[in-house]
Structures are given as structure tokens and as C-alpha cells.
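Both chains are sitting in their own frames, so use the hints and assemble them into the complex.
Keeping their order, the protein sequence lines are chains U and Y. Take the first sequence: its letters are residues 1 to 502, numbered as in the working numbering. Take the second sequence: its letters are residues 1 to 463, numbered as in the working numbering.
It cannot be assumed that every hint is accurate.
[Stated by the list, open to error] A few chain U residues facing chain Y, derived, Cβ under 8 angstroms:
(1) I22
(2) E25
(3) A34
(4) V120
(5) V121
(6) A125
(7) Q139
(8) G142
(9) F278
(10) G279
(11) R401
(12) V422
(13) G462
(14) G470
(15) S474
(16) A478
[Claimed, not checked] Here are a few chain Y residues that sit away from chain U, every Cβ distance over 12 angstroms (derived from the structure):
(17) W319
(18) F342
(19) F353
(20) G377
Calculated from the structure, these hints are not laboratory results. Backbone N, C-alpha and C define an ideal beta-carbon position, used for all residues, glycine too.
Here is how the chains run, residue by residue.
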Amino acid sequence: MAAESFRAFLDVLAEADAITRITDEVSWDLEASAITMLANETDDKIPVFESVQSRCRETAARLVGDPYRGPQHRPWEWFGRAFDLPVDSGPAYYEGMIDRLSEPVEPQVVSDVEAPCKEVVRTGADASLLEFPWPYIHQGDGGRYATLATVVAPDPDSEWGSWSRHRAMIHDDSQASLLFLAGEQVPNRYYFEYERNDEPMPVALTIGAGPAIESTAEVWIPVGRSEVSFAGGLQQSPVELVDCETNDLAVPASAEIVIEGRVMPEERLDEGPFGDYFGYMNGPRRSMPVLEVDAITHRKQPYIPFCVEGSGVGYGENSTSTFALAAGGPDATLGLRVAGFDVELAVPWPFTSRTVWVIATERPYPGSLHELANFIFTTWGMLHIDFFVFVDSDVNPLSPRAVIEAIALHADPATDFHQFGVERMPKVPLNIYQTPDEKGSASVGTSKTKTAKAYIDARADGDRLPQSIGDRASREQARDLLAQAGVPESAFEPPHTIEPDQ
Amino acid sequence: MTAFRTHLEFLRKTDDCCSLERPDSPSPQVLASEALRAAGPAVRLTAADDRVNLVSGVYGGTDQLSRQERYPWTRLGIGLGVDRDPEYVDVLETIAELGERVDERDVTYVERAATATGRTVRELGFPTPPGETWPHVTLGLLSVGTDEGTYWTPIHGTVIDKNTVRARVPNTITERFARGETVTIALGVPSEALAATHLLTVTDRLSTPIEDRRVGSTVPVIPTAGGVVPSSAEVVLEANMADKQPDTRSEKRAFWEHLIEGTTLTLEVDSAFARDDAVVPFTPLGVPLADDLQLAGLTLAAQLYDRVNSYWGVSPVEWLLLPAVGRLGICVVSTEVLYAGFEWQLSNFLFSFSDCFDTVVLVDEDVSPQNLGRVLGDIWVKAHPARDWLFSEPDAPVARLPTYSRDDTGSRLYVDATWDPRWDEAYIAPRVSITESYPPTLRAAIQGSWAEFGFDGDLDDVL
Chain U
1 MAAESFRAFL DVLAEADAIT RITDEVSWDL EASAITMLAN ETDDKIPVFE SVQSRCRETA
61 ARLVGDPYRG PQHRPWEWFG RAFDLPVDSG PAYYEGMIDR LSEPVEPQVV SDVEAPCKEV
121 VRTGADASLL EFPWPYIHQG DGGRYATLAT VVAPDPDSEW GSWSRHRAMI HDDSQASLLF
181 LAGEQVPNRY YFEYERNDEP MPVALTIGAG PAIESTAEVW IPVGRSEVSF AGGLQQSPVE
241 LVDCETNDLA VPASAEIVIE GRVMPEERLD EGPFGDYFGY MNGPRRSMPV LEVDAITHRK
301 QPYIPFCVEG SGVGYGENST STFALAAGGP DATLGLRVAG FDVELAVPWP FTSRTVWVIA
361 TERPYPGSLH ELANFIFTTW GMLHIDFFVF VDSDVNPLSP RAVIEAIALH ADPATDFHQF
421 GVERMPKVPL NIYQTPDEKG SASVGTSKTK TAKAYIDARA DGDRLPQSIG DRASREQARD
481 LLAQAGVPES AFEPPHTIEP DQ
Chain Y
1 MTAFRTHLEF LRKTDDCCSL ERPDSPSPQV LASEALRAAG PAVRLTAADD RVNLVSGVYG
61 GTDQLSRQER YPWTRLGIGL GVDRDPEYVD VLETIAELGE RVDERDVTYV ERAATATGRT
121 VRELGFPTPP GETWPHVTLG LLSVGTDEGT YWTPIHGTVI DKNTVRARVP NTITERFARG
181 ETVTIALGVP SEALAATHLL TVTDRLSTPI EDRRVGSTVP VIPTAGGVVP SSAEVVLEAN
241 MADKQPDTRS EKRAFWEHLI EGTTLTLEVD SAFARDDAVV PFTPLGVPLA DDLQLAGLTL
301 AAQLYDRVNS YWGVSPVEWL LLPAVGRLGI CVVSTEVLYA GFEWQLSNFL FSFSDCFDTV
361 VLVDEDVSPQ NLGRVLGDIW VKAHPARDWL FSEPDAPVAR LPTYSRDDTG SRLYVDATWD
421 PRWDEAYIAP RVSITESYPP TLRAAIQGSW AEFGFDGDLD DVL
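Chain Y extracted, bound-state conformation (with noise of 0.2 angstroms):
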């Protein structure tokens, strides 16, 4: 388990998150989106005074659009420990691990790491996005106890006033609320614990205590008046429901909330604890490469991997990867085909379940996720414009994701940018690649001479 602020260190050694002192202007916001612009680095802003530090694009940042050496799962990746330069299906793994049901409870509680402040949520300095007025808290996990056990779901809301959050959480975590009404928010969490809640609410829907779940023994946590928290945790807020419940909602969505339905609730924050130099995440909602865009597509795409590999008796699937720069609504699947029409079965079991995205690009168990680039001419160089761009009737479900407007039916499409299984091993084109275009020895030679030539990169990654 890396506690978040360990988590930011390790992205600070790999040269992954830069400081900056927190500034009056622009809103942090602006600034995590233009970072998420530029698919830059993670940003941490440094707060001067009483308020906490605030760090953006921890989860994602990046997108896969240039050769780069960071990928939209290495931060996460890191964070979960699975490497300091982390494979893709490795995260996935991770994540789909820690939603598995464990036969036996094994929880671990640590001391809480956060102590009492004196500070109202508002003194906390919760960073207010432009042309609002009320400073927002998001990447934020709800812990809500009950007689089984504990449930997580992620949060987001404004702070309203002193000590007021009008936060937005799925709509089934009410159904949890039957022992009462004080609820938790935690804050800077590790990355266990952010992964495995956006996991369990999208796929699980709560019906799970966390501690049945992996997550329950890998994250060590403390009791509080709401459920068990990260005992990590940065900032935690102990809060009770207010008697005033609001009717309408304003506040805009976390991406969480495109794939499960989500409610308003009122919570008045009782006691708040902080770690000394507390740092909290954040992200802006609604741009490109979001952190909770980020979440949700490593999440979902953990889970679709998972699914597809369990179920045939065999794991044909190499990798499986909802691109954040399409906002999800394009699932990419790296696959052997097993036999003719398998591109057709797997293309519609992801619709099946799914109801995220309405295209579904298959690609050569060859492709690696890390080069994004070759899917994206492989799509069209090695796709038959004629055979292998597939469309259904229009009659079937729409997808959450897509903008477009349209009744309740429409096509889905896969685009089979395969070798088809039945051609001859002869008919396979060789692919124009370093590796497949010169002999060893001479890369090892060049490799040698590569400096000396005059060159400035390094070519560890293309050789």
C-alpha cells in the first residue's frame, strides 16, 4: 500500500509531478487544465498558508497522442505499486484484483495519520474553479458504515459555506444510509483505495462491503464516525446529513456520474482532521484527460479485461484500453482470434457489457498498448474499408458516451483492423519496423555509435 503522499514522491523522482507555489490567479483549475493540455506532468501547488496543498493530474495526465515515455496508467500504476514504469496489464490486473471477494475478513487498522484541525472546511482552502463562487472538493471517497461493514464511493462537491458541502454521490449509496446519518470524506487516499471504489461502484453497484473486497485487507484503515477510512488518508471530514436535503442539483458531473446515476446530498462537516502539510488532489471536471475521466476508463477497462478473459476458458484478450482522449466512447481490444467470426463475438460481448461506447476497434495480439499510434493507422491502413468496418441494424441500445442525438436505437460498430485468420501465412505483410527491418547486429552496432553520431535522444525505448 503507498499512502498518497508517498505516491507523489515516487512522481517526483521520476521527474512526473513539478511544484509550483499555489497562486492567486489563475484558479488552480485553469492550471490542471492547461497542464492536462499540454499532457503535462502532474502539478502540485504549494500553499504558502493555513490551506492545504493541492496536487492535479495524479491519475492520468497524460494521453497517447506522441511518443512518450509516460503513459495515462503510469501514475496510477505507480501508485497501486505495481512498478516504477508500470506494463499496462499489470494495472489493470491490479485494480480488477481489488475488487475480488475475499473468503475472509482480514482488515488491518492503523492509527489515523490526519489530526484534529481547528480549521472549517472552508479554511481549508479548497480551490474554487473560474467563474464560480464556491470552492470544490473532488477525487474525494465517501466511506458510509452500516452493519456489514463499510461502503466507499467516490465524491465530489462545493463547500458552501463554514462547514457546508453539497457533494454529489451515486445514488445507491443512500440505500446504505440505514444506520444513521454521519457519513465520512477522506482525501488524499491511496490509490488502492480511489481504484477500487470507482471499480465497486461502477461494476458492483455497493453491493459489497469493502472489507469483503480485496481493497478491505491491502489498505490499512481507521474507524470513524462514518465508515473505515484510509488511516493515510490527508484530509478527513466527519459529517452528518443535513436537515435540509436540496431538491435540484448544479453542480457539474465527475465523469462517474456518465455511467451510474448520482444524487445531491447536503453534509454539515462535524470535525476535520488533517495531516501536518496536508496535499489533496484535484482535478477540473469536464476537460480532456480529467483524472476522473482517467479513473473511470482504467477502471472500466479493468474490468472488461477481466470479464473477457474469464469467460471463454482461455484468455484471448491481450489488452483492452478505453482511450480518455475519445472520452471513453471508443473501446480499443488487442486480441488473437480464435477462429472466424470470434472479432464478432468479442466485439458484441463488449457491447453486451458495456453501454459506455458503440465502437469497439480490434487490433493484432502484436500491438502494444503503448503504441497508440499504430492502432491509430492500423485502423484504417489495415482495415478493408468495405469488409472490415462492421455496423449493426440500427435497432440496438444507445451508448452513454457519444454526443450525437438520436432515438432510442441505433447501430453498433467494430472495426476488425486484424489479419484475417484465413489467409495464408505468405499473404501477412511484414511490418516496417526497426526491429523487423535490420538485422541485430546492426541496431547494436548503431546503439553504440548513437551518441557519437551526433544524436540527442536515447533509444532505450525503440530498441
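So here's chain U without its partners, still in its complex pose (with noise of 0.2 angstroms):
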């Protein structure tokens, strides 16, 4: 049975003995983050924080860092058990994935008192952000951060409104603010349609509302339907929905924490610095919409579940890097077949999750790479990523190994590399390589100054080197014997190429 909340998440890591609660007093002020970006790098257990300093005693309110980082060799394992999906293969967890994405499930709504997100309710001034020890990530923040929060928001067109995530920056007990990129659907109706009516826009964020509805969230769903069906497909049961204290929007009834509010039209507060996904520190601070809040409800001693952002880039995961290869890579993949693109998997490269994709294709017809990156690039790619690499249909874009390779012997620097016009497309001012100058602080969240997209063709022009020699059972006795000697399975992954029973 599927995971159907943060609990039950928490749950399936420690069967697999993958998370360590520690019971020390451990303080919000980075020490709970400097310890979660070790055991990030390290590929170590993930921490529970039982103990929080300067919480309040009352709702004595937890932490857990980087909950969703899955393992470096298999990242997509945590999820792969919560879902009860198989782990072994990475291709084969994406086609489970890709199954549940394709039946959703529509969500049901529960009543308050089986709403475990209502066992402590406060509305107005009773409700305060700085009862919960949010944390403070890196030296340098702009200040404390709710980073793993679902904002739900309205949506015309879906009965569920529209889910997404979205960081806040607290400022005091009843105002964040929150990163808002224009080109992403809840911001663009924020700012097109809310604001220039001179609208608060009525949201809820919530906290650890667990595994699919957090996965959900994080990828790119079809205008009309809701991110909360999908959840329920994946976790193959209806999410239970209830109804918020102070707005009509419907929140998990198993949430950790739920912040009802409103984004307020012409009002911004700072946002950043923020030690970011690309792994630096991006700048400069931005004026970004205010979260004004009208209650907050929480489980008793909630658990907050943040992500140590930067850590995720080169070898380290976390919980943004796993989520993009464990949900946004399936969903692409789903995405671009549906498209009737003939892709076999879209895969973030591990290395910096959101700025770069791979994509195994064929090439049917000329111009087809250019008509696919060009589809990405114009919907769910178009402020972060800014470049695809395409590879052979049967090679793994899990294998970074023959992602570089393919890159270094098939990608001719004269033929091989595409660009979409110069400095032409928008760009989250998240980046580092405009300066802030060029980033500037647009008023809807997208660097002033326009960047360039490419794709690289490193598809085989003929016959590709040899990965390996010997039949496949030769080759499975070799493993055999070297696992006999003391070398891991899990070495032997990812596979160069798809298999064909995966």
C-alpha cells in the first residue's frame, strides 16, 4: 500500500533504515541545515530533528531535513517504495510512474474531525508563523524559509485549484514572501489576472503533505485538471481533501501544517539572497509578493519537512534534485508522448537537476529534435532549463556516463549544436551568469535582461563504441563472482543502455 502521507513516508524510510532521529537540541539557525547538506553530500540517512531549539514549547514543532533525497545511486528509491513501484531498474520506475500519471484518481473530501491537519486550528491573530521553528539554510539568506511548501491556489478551470510549490521567506508572524516566476501558471494568475484586478488571490500552503502530492506538485500537468488527481494516481487511492478555515480552497487532510491566506495585489516584500538550486548564492534580493496570513492549522508537534537548496547540484542530491529525476522526469517523459513525440525517457542530468535535460529519441523526421525542444522550451521548460542533449533512443539518460560520452565522441561542435536566436528567451533571475544588473527585479519574477536555449544532438552518427564485451550471461557471471568479492550490486548502475526488458 502507497504512502498516503508525510508520516507514512517517514514510515517507509525507516524500514529502510534510511533516516537517523536525533534527539539532541539542535537549533533552526543552520545548524539543522549545515547537518541535512551533510548528510546530503555524504549519501547518509536522513535527519529527523525531534528536538528543535527556540520552538514554541506548545507546538513544539520538528524538523525534518531534505525527507524526499533519495539515495545517489538510485534516487528514485524512496519514491520507488513508497509507491510500491519497482526500484531496481530506473527505466522500470519510470514506465511505473508513467502508469499511475496516465489513470488519475480524483480526490475526496473528508470532514474536520477526520482531518488530523485540524488537531490544533488558529485564525487571525492567534495564528502565527513564528510559532514554528522554520529554518534558517545558509549564511547569507535573505532570511528563514519555508522551502518544501505546496501553495494551493485557485484555478478556473479545475475543481481542485492549482498546486504547486513555491518557497516563502518569512518576515514576521503574519507575512512571507513568495517566489513567484512568471511563466509558471499560479504566479502568472497572480500577477495577470488577481493583481491587475486588484485582487488578493486566496492560497494555502502546506507543509508535508506527503509524497505524491509533493511529487505532484513539482511537475507539469494539463491545463483543466488538477496536480491532486495525479497524486491519486500515484498513489492509487483518492487524496483526502478538506476544507480550509478561512477561503474555499480544499487542502491534504494529512498535511503537517496548512498556512491559509492571501497574496496581496501591489504589495511585495524581500525575497533572498538564497543559496539556490544551481548551488550558489543568487542575487540580488527581489521584491516578491506578500503572503498575508489568516490561519494556520497543524497536526500536534508537526513535522517540517525543508530542503537544503544547492546541495543537489554535482554529486550531492536532495530533496529538489530527487523530485525533479523521480517526478519530473516521468512526467515529462508521459508529457512528450502524449505530445506524440516519440521519446523514450526525459531525464534531468543529475548534476544541476534544472538547467539541463536529457532526452532518449528517435529522430523520425528532419527537424524533429528542433520541433521537440522547442515544444519543451515554449511550456514546462521555459524559465529554467536552458538546454536538452538528445541521445540514442536505446541509451540511458539515467547513465551519466553514457550522457558524457555521448556528448564528447557524437556532438560535432560544427553540425550538433542548436541555438534558438541569440539572448531571446526569459530566464528566472535565479541565475548566475547574468549579472545582477541584467537580472535587475522585473516586477513579475523574470530576469530583465533574456537569455539564449539550445539543444545538442549527441546522437550516434553510426555504430557506437563498445560498452562492454561478452554475452549477457558471461557478464552476469562476472557480477556474480565481483559481487562475491565485495563489490556492490547497486556499482553495476545505471545500465549504458535501456534494456529491453526494462
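Structural data, given as C-alpha cells:
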């Protein structure tokens, strides 16, 4: 049975001996984050901070550092276990996720008494963000952050609203600034509908909504559908929702914390600097829309999962990079197939998961790669992704070795690198290759200066170099012998090619 | 100087060499190839009979695509006597020094460790690749004596009869056969000898005897029917040229053959010498991370590193790497950008001195060569897709190693993933890292409590 709540997900991790519960008192001020970053870098256990200093004694909230971070060899493994999907093979996991996403399950609404997130209800002046030990994550950050927050917002095309992930910088007991980047659906609705009509946009920030909801909040789904029904598909059961106290939105009943509020028109607060997913502190400090808190409901002794952004680049994994690979990749693969593209797998590059993606595909007709890249750049890949690398349809994009070899040997600088015009495309201001002056502080959260998008055709022109010798039986025999000598089985992953039986 | 078997003992002591009984099946080459697939340890295959012992993965073995304690240069660096945990640049400098000219010859002669054996070459039991008929000798050193001195080249080949080896050697060595037609093959030689052999073959084109190079005074040698060979060699085969030489080739290529022209020789072995419990290195050819590929990559990098830092009067380059995972088709260089345009100058300097690759990636001087993971991120996030991916006109000569099909000319690309030297300091984004995002007192406190917190790993490599 799938893990349907954050606490059930922690149980999955505990069963896999993948968490450590730290009972020593730990500070929210850099300490919890430093421990988490070290665990992320060294592929160690996920820390659950059971006792956090400077917290509100009554609320007694706890922190969990990058709970969704997967093992470096198999980033999808905890999601696979949580959703009861194959974990031994990356391509098999992807196909399992695709099957689940193809069969959404509508949510169901439960009463307040059935909703753990209503164990404590505070409204109006009684609701304070400062009850909770939001972590101060990196030296130099502009403030304390809620980094793993799923924002539920109204959507006229969907009964259950629109769900997406946005971080919030805490300013005081009732205000936070939300990172809203135009180009994404919820921010677009705020900037181009609510704010233009001078109306506040009701929202609910859910913290600890569980793996299915947080996965689907990361992905791009068709207009008119709700992420929560895809979350139901992932867990193969309806997500239980409960009505908010102060607006018409419905939120996950099992959430650890729900922050109800309004995003105010024409109001801005500082957001950033912040150590971001690029692995660098981006600047300058920006002005971002303001969340005004109306109510906070939560479980008793709630868990606050958080992500140490910037630690998911290079060799490290964190929740963001794992979401990209374990949820974003299957969703993108499905989306491209539905759009008619002959795509085997679409996978974010593990060393910087939001900037470059690798796609295994055929080239059925001249221009098809351009058309494919163009489709993504103008839809879900618009703001974050700068590059696509196309590899042969049987090359495994989950294998960095295969991808590097493809780029090094098969991508001809003269004919296989393609740009979509020079500096005509939008870009998130979180990047580090533009100067602060170029990024500016545009009112809708994109850089003032544009960028370029490119794709690389790293598909082989002819035969590829051999990756192994011997037949399959002898290779398996060799692996058995090496395993007896102490070489772990996981060291053979991922394979260079997508095996037919995967 | 570290004898080959001592080198293996060091690898064993650092838990980087595992031992197996040599199985009848699968082929040792398949075992070695799968160990490379896993970026695993060196693998020693112990024979229970008269055959020699075998070991694979001695000169590289690992990739850098996940955090590891061993690097592609670690095993060779240990063999070169650099350190138990050798720094990359120290390995490059040691290789380059072995190829330096010396003013006076200072050769040390030491008795040969190997003794005469009654076994034929076939009976020595070299491994046979799957699907092939004949055993294969790899990672050998060919010694050719001349009046001026001895020349060493890489050699590999198949044992096609009891004592007949059909070998591949660099074409240029045939010019040194004037004194006679007797040569010597040495297997299981010190790393200094094998690395210098690759370096001098690729860079010097065998223009100077080894006695006039530093390696000649570093590795103790013994005269043989061919030229001198390392005294500690595990197996020594003295051979004559066969009367009839083949006019075709069928063997797989060793990696050095992608860099220089090779030729085929048929050699008749007259005398075979082997140490007790002889152990010889071998590698599967043509697979990722193979030892011949790693040796070529490290020696080429040593040559280029030496050249770029000897050219401008200063040494701006921190390190230079030809990742074996890219089969040497990409060059990564960490450098100080001395002035605007230096990045162009450096990239094109490298294109001038190596025809292997057509892509150069420049990263900042603070990037560690141990952290290829950071390079594989920085390429995309620090280099502006419009401004920092820079292509030449498509009129450059083709590079040797990429396999795409094209005409005689093409473009060269360099990716500038360094900070723009024209930027104000305030524009430079600080890194997110454990050392830059958290104060030292906090890091020290966490390190002290790490095990108590319930974590399994060791923080020594990250703190």
C-alpha cells in the first residue's frame, strides 16, 4: 500500500533504515541545515530533528532535513518504495510512474474531525508563523524559509485548484514573501489576473503534504486537470482533502501544517538572497508578492520538512533534485509522448537538475529535434531549462557515463549544437550567469535581460563504441564473482543502455 | 621506484584490489570489463596452476561520476610512488618529469628478478577475450636496443602459436630496428616505466633513448637480447622478428593506436623468463575506463599540463583533465583567467597541441580536480548559453577521437565556465557548500557529534 501521508513516508524510510532520529536539541539557525547538507553530500541517512531549539514549546514542531532525497545511486528508490513501484531499474521505475500518472484518481473531501491537519486550529491574530522553527538555511540567506511548501491556489478550470511548489521567506508572524516567477501557472494567475483586478488571491501553503502531492506539485500537468488527482493516481487511492477555515480551497487532510492566507495585490516584500538550486547564492534581493496569513492549522507536534537548496548539485542529492529526477522526469516523458513525440525517456541531468535535461529519442523526420526542444522550451521548460541533450533512443539518460560519452564523441560542434536565437528567451533571476544588473527586479519575477536556449544532438551518426564484452550470461557470471569479492550490486547501475526488459 | 608486485601490494593494503581465483569462465577480460563497469577495485585473478596470475584495473579503474575515495589517477599515482592518496597534479608532474631529458646518463643495472622458464608463451596462460581463439597480451613494454641506447614502446598482441606473438607496436619503432631484429617484451613493469613509455611514444615519437630521459635513471634495468628492460619485470620475453611478417591486421586497437600510427609484427619468442608467482597486468580493449585508455589520458594530460604552464612565463593552469568517461574527446582545464581573452588563447593553445579533442571546458581555479561533479554542473549553470559556448568557424582540422562523421574540417568549441574577469567582485555568486555556508565552529561541533547523531559515514572527505 502506498504511503499516503508524510508520516507514512517517514515510516517507509525508517523501514529501509534510511533515517536517523536526532533527539539532541538542534538549532534551526544553520545547525539543522548544516547537518542536512552533510548528510546529502555523503549520501547518509535523512535526519529527523525531534527536538529543535527556540521553538514554541506548545507547538513543539520538529524538522526533517531533505526527506525526499534519494540515494545517489538510485535517487528514485524511496519514491519507488513509497508508491510500491520497481526500484531496481530506473527505466522500469519511470514506466511505473508513467502508468500511475496516466490514471488519475479524483480526491475526496473529509470532515474536519477526520483531518489530522485540523488537530490545532488558529485563526486571525492567534495564527503566527513564528510558532514554528523555520530553518535559516545558509549563511547569507535573506531570512528563514519554508522551502518544501505546496501552494494550493484557485483555478477556474479545475475543481480542486492548482497545486505547485513555491518557497516562502518568513518576515514576521503574519507575513511571508512568496517566490512567484512569471511563466509558471500560479504566479501567472496572480500577476496577470488577481493583481490586475486589484484582488488578493486566496492560497493555502501546505507543509508536509506527503510524497504523492509534493511530487505532483513539482510537475507540469495539462490545463483543466488538478495535480491532486494525479497524486491520487500515484498512490492509487483518492487524496483526502479538507476545507480551509478562511477560504474556499481544499487542502490535504493529512498535511502537517496548513497556512491559509491571501497574496496581496501591489504589495511586495524582499525575497532572497538565497542559496539556490544552482549551487550558488543568487542575488540581488528581489521584491516578491506578500502572503498575508489568515489562519494556521496543524497536527500536534508537526514535522516541517525542508530542503537545503544548493546541495543537490554536483554529486549531492537533495529533495529538489530527487523530485526532478523521480517525479519530473516521468511526468515529462509522459507529457512528451502524449504530445506525439517518440520519446523513450526524458531525464534531468543529475549534476544540475533544472538547467539541462537529457532525452532519449528517435529522430523520425528532419527537424524533429528542433520541434521537440521548441515544444518544451515554450511550455514547461521555459524559465529554468537552458539545454537539452538528445541521445539515441536506446541510450540510458539515467547513466551519466553514457551521456558524457555521447556528448564527447557524437556531438559535432559544427553541426550538432543548435541555439534558438541569441538572447531572446526568458530566464529565472535565480541564475548566476547574468549580472545582478541584468537580472534586475522585474515586477513579475523574471530577469530583465533575456537568455538563449540550446539543444545538443548527441545521437550517434553510426555505430557506437562497445560498452562491454562477452555475452549477457558471461557478464552476469562476472558480476556474481565480483559481488562475491565485495563489489556492491548497485555499483553496476545504471546500465549504459535501456535494456529491452526494462 | 616501485616494482609491479609491490604496487599491487599497496593497492591491496588500501582496499583497492580484490582477489579471485582465476575462473574457467567467464573470460578474464569479461571480468575486467564488468569491474570497470562498476568503477570497482583492481581485480587480481590467481591461478592454481602454472599459468601466470593476472590483474586488471591497475592504472585507473574508476570514473568520477559519483563521490568516491579513489580517483582515476589514484592507482597510477601509488605505483609512481607519489603518495598513498596522491594529488592529481603531483601525478601529472611525476609523469612529465619521467620524460624530461637528463644531461648525463645515470643508469642503474640490477639483476633480473625473472628467471628462465621452460614454459612456452602459450603455457604462460595469458587471457583469451570472449569469442576469440588466441590469448591476448596487453599493457606490455617493447624494448628495442640500438647503438644510441634503448627505446621503449607499448605493445599488445595475440599469442598465435606456442611461442609466436602477433603484436601491435607504434610504427615509428620500426625505424629503430637497424641493429638487428631481436627485441624484448617486458610485462608487469614498474608504473614509471609504463607511464614514461606511453608519454614518450605519444609525445616524443621515440626520438630519444630512454637512457637520456629521467625514466632511464629512475627505473633499474637489465640488458637483454633486445634493449634494457626493468629488472623487476614479472615476465620477460626475448624474441626475433619472424621471417614472414603479416600484411594485414585484425587485432583490436589499444588506445594509443588512436593517437599514433601502429604496425603489426610477428615475433618468435626464443627465451621466456618469469618471476615466481608472476603476476601481469591486462586490460580488455575498447571498453570504457580500460587501463590503456586511462594511461593514454593521464600521459596526454601530463604533457599538456606541462606545456601550458611552461609557455607564458607564468603557470596559470591549476590542472588539466581528459576524462576517461569521455574517451578523451573533451578536455577540462582549471585556470586563472589572466586577462580578457585569455580563455580563448588557452583553449586554442590546447587545440594546437593536441588533435584528440575538439571541445575544451574551462573552469575556475578554485575547482578541485577531484570534484568532476562540480564541473559537470558548472558547465551548464556558470556558462551563459549565448555568450560562453564559443564555436570556431567550421574550417578547423577534425579531431581524432570523436566519432561523428564529417568531412575534413569542422568547428572547435570551448565552454567558458569561469567567472568573467570584467565582473565586479560583488557580481560573483558565492557557492553553496558546507565550508562556505556554515561557520567553522558549527562544522567542528557537528563533526564531533556525527556518529552520535546516528550517521554511518565519515566526514573527513567533506570537512
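Outcome of the hint check:
Because the smallest distance between the Cβ of U:I22 and any Cβ of chain Y comes to about 5 angstroms, under 8 angstroms, the interface hint for this residue holds. Restraint check, U:E25 versus chain Y: the minimum CB separation of about 12 angstroms is more than 8 angstroms; hint violated. Restraint check, U:A34 versus chain Y: the minimum CB separation of about 4 angstroms is within 8 angstroms; hint holds. Interface hint at U:V120: violated, since its Cβ lies 29 angstroms from the closest Cβ of chain Y, which is beyond the 8 angstroms cut-off.
Hint on U:V121 is violated. Least Cβ distance to chain Y is approximately 34 angstroms, over the 8 angstroms limit. Contact between U:A125 and chain Y, as hinted, is not supported at the beta carbon level, the nearest pair being about 35 angstroms apart and thus beyond 8 angstroms. Checking U:Q139 against chain Y: minimum C-beta separation of about 5 angstroms stays under 8 angstroms; hint holds. For U:G142, the interface hint is violated, since its Cβ never comes within 8 angstroms of a Cβ in chain Y; the closest pair sits about 13 angstroms apart.
Below 8 angstroms, beta-carbon pairs count as interface contacts, and U:F278 has one with chain Y at about 5 angstroms; its hint therefore holds. The beta carbon of U:G279 comes within 5 angstroms of a beta carbon in chain Y, closer than 8 angstroms, and the hint placing it at the interface holds. Taking 8 angstroms as the C-beta contact cut-off toward chain Y, the hint placing U:R401 at the interface holds, the least distance being around 5 angstroms. Interface hint status for U:V422: upheld, as the beta-carbon distance to the closest one in chain Y is roughly 5 angstroms, under 8 angstroms.
Look at U:G462: its Cβ gets to within about 6 angstroms of chain Y, closer than 8 angstroms, so that hint holds up. For the restraint placing U:G470 at the interface with chain Y, the shortest Cβ-Cβ distance is roughly 4 angstroms, inside the 8 angstroms limit, so the hint holds. Because the smallest distance between the Cβ of U:S474 and any Cβ of chain Y comes to about 4 angstroms, under 8 angstroms, the interface hint for this residue holds. For U:A478, the suggested interface contact is upheld, since its CB lies about 4 angstroms from the closest CB of chain Y, less than 8 angstroms.
The non-interface label for Y:W319 is consistent with chain U: the shortest C-beta to C-beta separation is roughly 17 angstroms, beyond 12 angstroms. Every beta carbon of chain U lies more than 12 angstroms from that of Y:F342, the smallest distance being close to 19 angstroms; the non-interface claim holds. Distance check for Y:F353 against chain U: the nearest CB is about 18 angstroms away, which clears 12 angstroms, and the non-interface claim stands. In this structure Y:G377 is not separated from chain U by more than 12 angstroms, as the shortest Cβ-Cβ distance comes to only about 4 angstroms.
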